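Protein chains in written order, with the working numbering: chain V, 1 to 346; chain Z, 1 to 337; chain E, 1 to 311.
Please keep in mind that the hints were generated in silico from the structure rather than gathered at the bench. Misleading hints may appear alongside valid ones.
[As the list claims (entries may be wrong)] Pair by pair, the computed Cβ-Cβ distance ranges are: (1) Pro314/V - Gln268/Z: 32 to 38 Å; (2) Lys88/V - Val123/Z: 30 to 36 Å; (3) Pro293/V - Gly133/E: 53 to 59 Å; (4) Thr12/V - Val123/Z: 55 to 61 Å; (5) Tyr102/V - Pro85/E: 54 to 60 Å; (6) Lys88/V - Gly133/E: 18 to 24 Å; (7) Glu170/Z - Thr12/V: 24 to 30 Å; (8) Thr12/V - Thr209/E: 27 to 33 Å; (9) Ser50/V - Leu187/Z: 28 to 34 Å.
[Said to hold, decoys possible] Chain V regions said to be covered by chain Z (calculated; three or more residues, Cβ under 8 Å): (10) 65-78; (11) 224-236; (12) 249-258; (13) 261-269.
Please read all numbers here as calculations on a predicted model, not as lab measurements. Just so it is clear, CB atoms sit at the ideal spot from N, CA and C, and this is done for glycine as well.
In case you want the letters, here they are:
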Amino acid sequence: MSQPLLQIEKVTKIYGGGFLKRGPVTVALQNLNLTIQQKPAEIITIAGESGSGKTTLANLVLGFITPTSGHIRYLGQDVAQMDKEELKKYRREVQAVFQDPYAVYNPFYRVKHVFDLAIKNFNLARNRQEARDQIEEALTVVGMRGEEVLEKYPHQLSGGQRQRIMIARAYLLKPRLIVADEPVSMVDASLRAMILDIMLRLRDEYGISFLYITHDLSTAYQIGDKIYLLYQGTVAERGDTVEVIDHPKHPYVQLLIDSIPVPDPTIRWGSRATTIDDEEMRVSVESGCRFYPRCDQRMDRCLESHPPLYQVGPGEHQAACFLYEDQPLAQVPEDNLAKERIPAAD
Amino acid sequence: MSVNFAHEIDERRPAGTDQVVLQVEGLKVYYATPTGDVRAVDDVTFQIREGEIVGLVGESGCGKTTTAMAILRLVQSPGRIVDGRILVDDVDIARLNERELRQIRWTKISLIPQGAMNSLNPVMRIKDQIGDAIETHEGRQPRQALKERILSLLSTVGLPSRVYKMYPHELSGGMKQRVCIAMAIALNPTLVIADEPTSALDVVVQRVVGETLLDVKNRLGVSMILIGHDMGLMAQLVDRIAVMYAGHLVELADVYSLFREPLHPYTQLLIDSIPSIKERKPLKLTEGITHDLRNPPPGCIFQLRCPHVTDKCRTVVPPLLEVAPSREVACHLYYDA
Amino acid sequence: MSVSTETVTAPAVRTAGLNRWDSPWLNTKFLVGLSMLLAVVLIGVVGPFFWDTTLARVASSPLNLPPAWVETDLPGIGKPTWEHPLGTESNGRDMLAVLIVGTPRSLRVGLIAAGVGMLVGVILGFSAGFMGGWVDNVIRTLSDSVITIPSLAVLIVISAYVRTVSVENMALLLAIFAWPGPTRLLRSQVLSMRERGYVQMARLSGASTFAIMFKEILPNLLPYLASSFTGNVSAAILAATGLEALGLGPTRIPTLGMTIFYALRAAAILRGMWWWWGFPIAALIIIFTSLFLITIGLDEIANPRLRGVKA
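Next comes chain V alone, as it looks inside the complex (with noise of 0.2 Å):
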């Protein structure tokens, strides 16, 4: 069986606390699995809300930041033990596409100072013109042309082309995992489905992976192939996502998709939402689930230890609640949370 091409085993981040510090102690995310395979091409959808930890995710994964403890492997490889060379290859084959079209240009240079850099930097041509070639098909696959943008300063585009130069970007230094991190919530609404088909014409047509992170669940449903739900740092649903989306299991996500505003003015939302109006922040590793505060059928036993995953569904479509403790637990090894193993009922 070949490598994975990216692994995420157990990766817990922890803000805050240790030696000498004596602030809040935030923990973003815990003992997270994550995998993606090499094949098929997939856009793998991590959703949650702000305090999901889905930003420090990203952030991780694009070698921001280092894990607390556990691994990120990449082609099997630990990220946080490669040397130059091999954080060189990462940082080429796993690129990004940022939520603020206008933030990740540098006001002061034109528009293809970006491809400047990407090119210079990993020597991807040999002159000007191979360089100019390059650039061309780039923007090419994302429907524009070098004439009509390299030569204008960023605030003379609008934000939809922005991020499809953007993406431009990305693609020119042929990438296998692009994260994209909430590429068309700053988008205007009518540009977005233009971003999105280009996702999808990426993933088929050039074998390139998303990690495609958001809270918007509808664009989700639309392109995404899986589905992560993150609640507070812990996985709170995953599998195939039209699978999760049409029968969501979890407390938190049946939630979730109860409030989308269904564009029906005959069909409203239903009963009144609960929200805790205190943040309760997660002070520490705590065991328990999460949602347990907000959530309308809690039992005990969920106070006791953190829910691992367990198959509730078709294909790997897994929820972390004990409220289908008889299910048997996630297939795949990694992909367990319990730190103690819950004998499988006889």
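Mind docking chains Z and E on chain V? Use the hints.
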């Protein structure tokens, strides 16, 4: 098997009375640039009745925020109101001076601007910020009465009373936004304009804030203009929808009819491209506003993107006409000969 | 699928770079300050071609002449003449020559001191802000300590010991105390810019720390650096003039500050020879005002929010 929360099929109560609280006629707001005037709002006419929520939708650049700013006379140079009347209680506020306007703002019409929750003063407690808003318009208030008033406002928007002496950074996004709603209704205005009130909020919090707005409307009978681009949210909250494109109002209808049967080709495009959570369909690609706002094409504003465009559309501007009860549309396709 | 981005009707208008904002460089304060400063510089540069600068030497001119247009009966004062339009002083120096020679000297002191200070500030401030960790701690501790040293007192002591001071040496002395300010300011600017989107993008593109500091962050700080620089020049000239007025400046060549010193020492005020200390002070006022205007003008250019609402 999915769990179904109770979805009620509910024909909304007809909004309030027929009393008109705001009448906008022929509003034109242009921005001067070195190369010509950008027509941000071009001849927009509509009315808001008592106790109704009207949604104002359109893509970025269509002029919805400018319209809201113009109603409150907050348009800054190089923009200016070129033409039109804005009638509140039969007074044309487009003609008032700054001093007179100060009596209208916040007491008759208030605003929850975009990103309001990030504009709360970080060094003032909530009670002082709301108190400030009240005292600026009504003069100094007796302490106890003011405190009770603020506490009652907080409870109207569903916030616990301990928020009274908290600082903004101690509150979550949804709570801050509800504080802004409380400030907007503090002086019992007849109309509240909310510009993208939920755009930066999570889905569940968005629902709470949305339901708060509905609650406020039902309890206080205040009218609202809700500006946004999330059609799903509009469907849940508003009574009527006004659709804008490139500075023009192209359709105005009650929300049920609009979603059931959108008339204007642009509205159809908008509704078609809403990403659905019920079924997977191929993405509908749209281009955004394609013409230069300084130089709009003669005739219908949408002609460059309309699949049903005719020669008449290219030369004659279609007026906004009522083609059925409570359905106005600006499109040649629907006028009888 | 290519989506056309051209405008359909009118020919596309090319808006170059800053046109959109009505060119911020046309800032009144900046331009007025700049012209004042240029006028001053011009006097120093062009002056020698029109006026004999040797008249700035001691005993080169008749003593104690008032400016040419002044009629006075003060005792010991000679008759005004147009050969010395701004008058002369007790050492036989012609005032106009003194101005022509001394003004550029004062400016030079400021430029060198501020220049060296800013250079050190850029290097240390950037390193501290960007690299963080122990580098930051060391640099910060150092600059904080130097800031607390009373610079004027130390400079007086040093100058009192070092007998002959040239303009350049004085400038370097001042630079010793000029670098902590820029260091701290730039450090905080870099800290806030470090998390910008385009910095992350540059990191993803494989840029080295150095390249990010100087090619991504520094260009965006140029207006800020410029206004900080002019502010520092102003402060340096003030410090230098202060030292000179106490008699601790260069003795052989006249500067504005030394001229004031001589004037005070020779009791020019009591003797009514206002032109001796008046013209240098006027020149200094013009220099400081122009630098001040340039500084706040640049501040407004760099930070659009300060520009205020125009009618």
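Hints versus structure:
no. : hint                            : in the structure
1   : Pro314/V - Gln268/Z: 32 to 38 Å : 37 Å, holds
2   : Lys88/V - Val123/Z: 30 to 36 Å  : 46 Å, violated
3   : Pro293/V - Gly133/E: 53 to 59 Å : 39 Å, violated
4   : Thr12/V - Val123/Z: 55 to 61 Å  : 36 Å, violated
5   : Tyr102/V - Pro85/E: 54 to 60 Å  : 59 Å, holds
6   : Lys88/V - Gly133/E: 18 to 24 Å  : 23 Å, holds
7   : Glu170/Z - Thr12/V: 24 to 30 Å  : 27 Å, holds
8   : Thr12/V - Thr209/E: 27 to 33 Å  : 28 Å, holds
9   : Ser50/V - Leu187/Z: 28 to 34 Å  : 32 Å, holds
10  : 65-78                           : violated (count 0)
11  : 224-236                         : violated (count 0)
12  : 249-258                         : holds (count 5)
13  : 261-269                         : holds (count 9)
Hints 2, 3, 4, 10, 11 from the earlier list are contradicted by this structure; the remaining hints agree with it.
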